[in-house]
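Student: The chain contents come next:
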Amino acid sequence: MPTLHIINKAPDHPRFPACLRALAEDDTLVLIENAVMALVFESLPLPPCYALRADVNARALSESSVTGVKMIGYAGLVVLTETHQRVMNW
Amino acid sequence: MHTLIVIDRLPYGDWHGREALDMAFSLAAFDRPVTLLFRGAGVNWLRPGQSADQLSQKSVERNLSAATIFGVSALLADKAALRQYRLSSDQLSQSASETDLTPAFYKQFDAVVVL
Amino acid sequence: MAMPVPQRNNEGFLENADEWSPSVAINIAAESEILLTGKHWEIIELLRQFYKQYEISPPSNRLFVKAVKEQLGEIKGNSIYLMQLFPGTPAKTACRIAGLPRPTNCL
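So the protein lines, in turn, are chains A, B and C.
Using the working numbering, you'd call the opening residue of the first sequence number 3 and step up by one each time.
Using the working numbering, you'd call the opening residue of the second sequence number 1431 and step up by one each time.
Using the working numbering, you'd call the opening residue of the third sequence number 785 and step up by one each time.
Please note: incorrect hints may appear among the correct ones.
Here are some of the chain B residues that sit facing chain C, going by a computed Cβ distance under 8 Å [to be verified]: (1) D1452; (2) S1495; (3) A1496; (4) I1499.
What the hints contain is simulated information worked out from the structure, not anything from laboratory work.
All of these numbers come straight from a predicted model, not from anything done at the bench.
The beta-carbon is built from N, C-alpha and C at its ideal position, and this holds for glycine as well.
Can you build the whole structure from these sequences, using the hints too?
Tutor: Put into structure tokens, the structure is as follows:
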């Protein structure tokens, strides 16, 4: 069952690598709050994922686009939670 | 007596940094020499172009720009952390300057506060 | 006549600085029996600009005085002058009238 993973921890938080390890092939990852810092954190390999636009803009990271990372708004996040039967919060 | 106030957490994630900033402003209000150091993840306070209205928060970049008016002596950024978060020293807002965090660096201050 | 004053908190500060207008200022000032003169408006305008630029109210009285001194010099940037214009705690009184949030460190 595809799982939606929502992480709000900074990339140097121990839970960040744990979350990446838990991602299955057909899962979806969304970066929110502190987790959007992963867009600029050095040498962090990010899988294709989403990042919450409001958090990206607050931290002035909108120019720091990373291949495979798509921006979504709050409405987009709601759609994702509706289309996944399982949600894991990190 | 010169105080160093350290901000070492990401902006917008919690309130520690704002509390630290408040402390720096209070020292400055009483004309006490105070320097702000952005260390580790704290360097992200200095990334230019922040816009936090969608989070219903005030931009820490804007808040920070009042520091010199209030009399904060200097804004410093951890050189190693700038690299880690892909910031270059010439793009930093508030014309903060980068610094190497050697033991000698900390010895310049009479008190060092980390919240 | 009904006074047009937007939503405020229990200390009389506007909930939303964008809802401020000069007539709101006149009405809030009238509550403290302050009749706004050119000298008042000069400080109110300074505070509005300050808030627009820094997104904070001067956090304390001393920093309010510093901010005024920075812009208008020592004759106006001193606590006696500001106390005469905005009695009580000048930073609080002035921010309330100018529609800014409550200064954080004013008791």
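Student: Determine for every hint whether it applies to the structure shown.
Tutor: For each hint, the structure was consulted:
For B/D1452, the interface hint holds, since its Cβ comes within 8 Å of a Cβ in chain C; the closest pair sits about 6 Å apart. Look at B/S1495: its Cβ gets to within about 6 Å of chain C, closer than 8 Å, so that hint holds up. Here the hint on B/A1496 is kept, as its CB sits about 4 Å from the closest CB of chain C, short of 8 Å. Checking B/I1499 against chain C by beta carbon gives a least distance of about 5 Å; that is within 8 Å, so the hint holds.
Of the hints listed earlier, there is not a single one the structure fails to meet.
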